[in-house]
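Participant: What follows is each chain in one-letter form.
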Amino acid sequence: MTIHLKIWRQKDRNTPGKLVDYTLDDVNPDMSFLEMLDWLNERLMNEGKEPVEFDHDCREGICGSCNLVLNGMAHGPMPGTAVCQLHMRKYKDGDTIVVEPWRARAFPHIKDLVVDRSSFDRIMAAGGYISINTGAPADANAIPVNKYDADLAFDYAACIGCGACVAACPNSSASLFTGAKIAQLAHLPQGHPERKKRVVKMVDKMAEEGFGDCSNYAECEAVCPAEISITSIAEMRREYVKALSEIE
Amino acid sequence: MTASNNGVLNSKVPEGNLQDKWDNHKNNLRLVNPANKRKFTILVVGTGLAGASAAASLAELGYNVKAFTILDSARRAHSIAAQGGINAAKNYPNDGDTVWRLFHDTIKGGDYRSREANVFRLAQVSNNIIDQCVAQGVPFAREYGGLLDNRSFGGAQVSRTFYARGQTGQQLLLGAYSAMMRQVGAGKIQMFPRREMLDLVKVDGKAKGIVTRNLTTGEIERYAGDAVLLCTGGYGNVYYLSTMAKNCNATAIWRCHKRGAQFGNPSFTQIHPTCIPVSGKYQSKLTLMSESLRNDGRVWVPKEKGDNRPPNEIPEDERDYYLERRYPSFGNLAPRDVSSRSAKYVCDEGRGVGKTGLAVYMDFADAIKRLGVDAIKAKYGNLFAMYEKITAENPYEVPMRIFPAVHFTMGGLWVDYNLSSTIPGLYVLGEANFADHGGNRLGASALMQGLADGYFVIPYTLSDYLAENLHAEKVGIDHKAFDEVENETMERINNLLSVKGKKTVLDFHRELGQLMWDHVGMSRNKEGLEMVIKKISELREEFWQDVNIPGENSTLNKYLEYGLRVADYMELGELMARDALDREESCGGHFREEHQTEDGEAVRDDEKFCNVSSWEYKGEGKEPVKHVEDLNFEFVTPSQRSYK
Chain V
1 MTIHLKIWRQ
11 KDRNTPGKLV
21 DYTLDDVNPD
31 MSFLEMLDWL
41 NERLMNEGKE
51 PVEFDHDCRE
61 GICGSCNLVL
71 NGMAHGPMPG
81 TAVCQLHMRK
91 YKDGDTIVVE
101 PWRARAFPHI
111 KDLVVDRSSF
121 DRIMAAGGYI
131 SINTGAPADA
141 NAIPVNKYDA
151 DLAFDYAACI
161 GCGACVAACP
171 NSSASLFTGA
181 KIAQLAHLPQ
191 GHPERKKRVV
201 KMVDKMAEEG
211 FGDCSNYAEC
221 EAVCPAEISI
231 TSIAEMRREY
241 VKALSEIE
Chain G
1 MTASNNGVLN
11 SKVPEGNLQD
21 KWDNHKNNLR
31 LVNPANKRKF
41 TILVVGTGLA
51 GASAAASLAE
61 LGYNVKAFTI
71 LDSARRAHSI
81 AAQGGINAAK
91 NYPNDGDTVW
101 RLFHDTIKGG
111 DYRSREANVF
121 RLAQVSNNII
131 DQCVAQGVPF
141 AREYGGLLDN
151 RSFGGAQVSR
161 TFYARGQTGQ
171 QLLLGAYSAM
181 MRQVGAGKIQ
191 MFPRREMLDL
201 VKVDGKAKGI
211 VTRNLTTGEI
221 ERYAGDAVLL
231 CTGGYGNVYY
241 LSTMAKNCNA
251 TAIWRCHKRG
261 AQFGNPSFTQ
271 IHPTCIPVSG
281 KYQSKLTLMS
291 ESLRNDGRVW
301 VPKEKGDNRP
311 PNEIPEDERD
321 YYLERRYPSF
331 GNLAPRDVSS
341 RSAKYVCDEG
351 RGVGKTGLAV
361 YMDFADAIKR
371 LGVDAIKAKY
381 GNLFAMYEKI
391 TAENPYEVPM
401 RIFPAVHFTM
411 GGLWVDYNLS
421 STIPGLYVLG
431 EANFADHGGN
441 RLGASALMQG
451 LADGYFVIPY
461 TLSDYLAENL
471 HAEKVGIDHK
481 AFDEVENETM
491 ERINNLLSVK
501 GKKTVLDFHR
511 ELGQLMWDHV
521 GMSRNKEGLE
531 MVIKKISELR
541 EEFWQDVNIP
551 GENSTLNKYL
561 EYGLRVADYM
571 ELGELMARDA
581 LDREESCGGH
591 FREEHQTEDG
601 EAVRDDEKFC
611 NVSSWEYKGE
621 GKEPVKHVED
631 LNFEFVTPSQ
641 RSYK
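Going down the list, the sequences are from chains V and G. Residues 1 to 248, numbered by this note's numbering, are exactly what the first sequence covers, in order. Residues 1 to 644, numbered by this note's numbering, are exactly what the second sequence covers, in order.
Derived from the structure by calculation, the hints contain no laboratory data. Being a predicted model, the structure only gives us computed values, none of them experimental. Take these hints with a grain of salt, some might be off.
The following residues of chain V were derived to be distant from chain G, with all beta-carbon distances above 10 Å [to be verified]: (1) Met73; (2) Ala140; (3) Gln190; (4) Ser229; (5) Ala234; (6) Arg238; (7) Leu244; (8) Glu246.
Straight-line C-alpha distance at most 30 Å; calculated BS3-like pairs for lysine-lysine [said to hold, decoys possible]: (9) Lys90(G) / Lys147(V); (10) Lys503(G) / Lys258(G); (11) Lys369(G) / Lys147(V); (12) Lys11(V) / Lys503(G); (13) Lys500(G) / Lys258(G).
Virtual Cβ for every residue (Gly too), placed ideally from N, Cα, C.
Given only the sequences and the hints, what does the whole structure look like? Please build it.
Facilitator: What follows is the structure in structure tokens.
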């Protein structure tokens with residue numbers, strides 16, 4: 001099949017970027033989207049041109065490296081799917097696809113489709129953990145966790161940290177990412193001792209990094225490849241308000 | 001010194017009963033007092049399960065840690081993709097499990113090519129790992145009573161595998177990552193993302209630093225430390241197609257090998273039986289379908305050659321459930337090497353399915369009938385969804401098509417009981433070392449080993465080395481050893497960029513991968529191996545004359561990174577073939593066609609090969625030299641591994 005691509009090319013942060021047109025006329029429908037970009041890059045290199053840089057690693061939808069906006073949608077048209085798991089059979093012969101990087105102030109641009117998401121790591125370093133040293137904690141079955149909470153905690157823990165939530169949000173908010181970690185740990189008894197401190201530190205850090213606030217567009221939930229629910233944001237707010245009212 | 005004396009490797013296995021070795025050893029290891037810990041800097045390369053758990057644990061103890069990852073965040077290391085689970089001898093299901101049994105299964109699963117003492121220690125600390133992870137907030141699967149759930153995995157007859165849906169690796173890694181980020185917040189760990197270690201710096205024979213390339217700016221950077229921990233994973237990407245992530249590579253271990261670290265059992269590669277088959281030339285990687293699926297999936301092919309009917313139209317009595325037939329006591333849960341080989345045999349006979357004939361069915365129809373769709377969805381929902389995304393087939397209705405693929409490398413840098421390589425101060429953890437898995441790794445053991453090394457072994461053994469070096473002179477990055485290594489590294493990069501040939505890195509990598517898969521894959525023979533050694537060296541020559549690396553060094557340039565890695569794969573691939581040629585027996589994943597029974601089972605040679613082959617690099621154009629570590633089985637008796 002033939003696919004027309006308009007890809008964002010930008011040498012570095014200080015050089016203005018632009019969309020560049022490419023046409024591939026031998027795309028196999030069983031290719032993944034990233035394999036199509038590999039294909040394009042091979043052709044560009046054979047023509048002596050510079051290949052398109054994009055982040056990718058596991059190509060199984062779990063590492064969260066890939067981050068492309070396709071025709072205005074983070075990770076493309078398939079719900080609950082990272083772009084590495086999107087296959088070309090979802091497109092029609094002759095389709096045009098605009099390929100752009102995540103755009104957000106807190107994700108500075110690096111090159112072409114690659115951005116810097118280290119702000120997520122800094123939110124995690126602010127409080128996304130349970131303070132337990134390696135050693136000899138109690139037996140794993142010492143504290144039963146009811147299955148409802150354990151399953152819910154898992155649902156929130158499934159976040160792959162890709163940043164699609166930020167890319168899709170008109171406010172560039174990282175609330176879905178931050179909320180998911182807070183909600184996961186709030187549902188586990190192990191997370192309770194630091195519950196209040198954690199939510200305040202993480203939420204404050206999120207603002208400090210330049211992410212916007214949430215105003216309930218729910219675009220994040222719509223594009224999230226791990227299908228994290230926006231109830232995590234509600235949980236985060238509830239935790240935050242409770243923490244502020246109870247911390248002196 | 002850990003190095004070999006007259007070619008004899010000292011494994012430093014402590015004296016005493018198997019059960020007491022680790023405790024005795026801990027009693028004898030020297031300690032570093034808290035005030036002195038602050039004076040040491042540890043460089044941790046790689047942030048997967050082994051690296052993240054080591055970095056966090058060492059920082060908690062008070063050491064200064066610098067952690068390096070080639071990715072943009074430590075959380076993306078490929079441990080994250082492990083699906084099925086992690087073993088521990090908790091015996092929560094009351095089905096007869098013990099530390100001894102976990103040890104015994106693992107050493108038998110490895111076809112008696114691993115060190116007893118290491119494997120026993122691994123089984124001993126397995127329970128601590130589960131405790132540690134639960135305390136960190138890892139959301140393992142639980143029963144309605146609130147207690148942890150277990151399932152069974154290949155090569156075992158008990159249910160000892162803890163799991164978090166099909167995303168166990170992700171949850172364990174995020175646990176270790178969060179412990180690490182806590183130390184980043186506390187200022188005890190400095191994180192260096194998008195850095196690739198390109199070489200090791202030695203001073204007076206000891207590891208004292210590393211040279212990295214900043215992948216964003218191309219800058220070559222120097223880092224000095226009192227010890228270097230390599231936690232850089234396996235080298236399965238030598239085969240081009242594998243279940244490894246695209247950025248997994250062998251450069252760090254290979255560069256250290258060239259600096260004097262011996263390489264143990266390089267040919268021991270695990271070919272995992274249940275991956276989604278290859279669909280075309282453009283294919284960039286293979287996707288694993290967790291072994292846990294074999295708990296409920298039945299593996300079969302048609303009895304007749306060339307039976308092209310859709311699977312649901314092939315009646316029961318015309319199907320060959322070959323694993324159940326050949327291995328009645330383990331059935332579909334036969335170990336990985338055995339299952340993979342069986343799949344190869346039936347496909348070689350022309351009974352493979354799908355367009356390419358290189359696939360077998362894994363069928364859930366019986367399980368769905370027995371347990372209902374909802375139960376299957378709860379257990380494997382995400383795996384089924386992933387399968388459907390990739391193949392556009394619904395595994396609830398038609399059987400999955402699966403085929404073996406390169407998945408894990410049991411070989412790696414040789415380490416002693418303390419995880420020290422043959423270079424003092426250079427430690428190797430997780431898949432990067434030659435490890436505890438012998439000739440074949442059992443399912444749910446990789447996560448166990450990575451975390452055991454990082455959380456519970458290295459914090460003890462490293463202190464012994466550091467205590468010995470308390471008064472050693474500190475080496476700074478202005479030391480001339482750094483100048484030399486940096487210059488060599490720059491020269492390598494410039495050479496590669498200046499070739500400006502006609503073929504892409506991908507062309508070379510594909511070619512190398514095909515050679516490796518055909519001749520150093522599931523089945524190996526003398527003729528093929530001798531041929532492939534020659535072919536690889538020709539390919540390597542061609543590479544340095546005709547590769548085309550685009551762009552420049554001074555920006556993000558992934559094809560330059562890739563080119564440097566493929567250059568190292570070419571050298572490592574040759575060593576793998578040499579090792580496979582040298583090992584005149586079949587054991588675990590290493591199957592030499594010359595050494596098999598009449599019905600195609602592996603034949604070990606315990607007389608000659610009950611040992612580890614450890615290879616020493618001798619310089620450009622020179623043949624490597626083999627050293628041997630004999631494996632002494634004091635507590636188990638190696639027997640013919642039977643799963644019948």
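Participant: Which of the listed hints are not met by the structure?
Facilitator: Those not satisfied are hints 2 and 3.
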